[in-house]
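All residue numbers for the sequence shown refer to the numbering used here, where the first residue is 79 and numbers rise by one.
None of the hints are false.
Subject to a maximum C-alpha distance of 27 Å in a straight line, what follows is the list of computed BS3-like cross-link-like pairs (lysine-lysine): (1) K168 to K82; (2) K137 to K112; (3) K240 to K222; (4) K191 to K168; (5) K216 to K82.
Hints listed in this document are in silico derivations from the structure and should not be mistaken for laboratory results. Since this is a predicted model, take the numbers as computed values, not measurements.
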Amino acid sequence: MYHKGVTVHFNSTAYNNEELTIQWIDNELIPSLKPTAKDEVLLALDAAAFHKTSAILQKLRNSYIILALVPPGCTGLLQPLDTAINKPFKELLREHTELYTDAREDAGDDVEKWSVSQKRVMVTHVVGNAWNQFCTEKKSLIEKSFVDIGLNIPSNGSDDSKLSIKGYERGKPDIGDWSQIDDDDNYDDFKEQAQTGELDEFIKEDEVCITTNYRGLRRSRLLELMKERGVQGSTLRRAEMVEFLLQDDCISKLHCIE
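My request is simple: use the sequences and hints to build the entire structure.
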């Protein structure tokens, strides 16, 4: 039912928490990376409260995993997913969503009547297939994103010239040998904060403008919406109609603001 490469967990709130994070560390992270006392692993996480509980910190310490918390409000600068990966990956997710939906429609499914369970199954297949393709086609991008922000360069500062952090000249700032810094595991001041001010520029326009779940509509309904807006969509693919409708929503929204 679910994609074999995607692990699915449930809880009452549908939010991540300490318990699920520990399960991820035990069942996914440690078996994959196999950290040891002689070959420790660096793990970078944002400052979510459940990432820095005493149980999580102890679990990581006992497992030879060094925790690096991204400072609050700085994920747009220092987290690879935000700096380089999310935007192209989301584009690939859209493509695979269209492929999956079209295939199910061709098989006779009424996608507009899908249950929550059916949509959940779809998400696992879309994410799993898109990620497999992304890792194959964008391997160099993923690797570079970790180098750019300093997560995959020597800790002694010898490769600081490879740093490429938004707002700084290439090779800056000069970090130096951070391995000499005392680590007292004091993360009390690391708290999640809403990104405001200058960091607003990291909010992607396509995320702001999406107002309707066009991808969940049948092709016939998409054609009706295109016709209502004075456009013939019979020659367009589903993905092209969805993209047109979303862009049209963006234009309408801008006009309303003005």
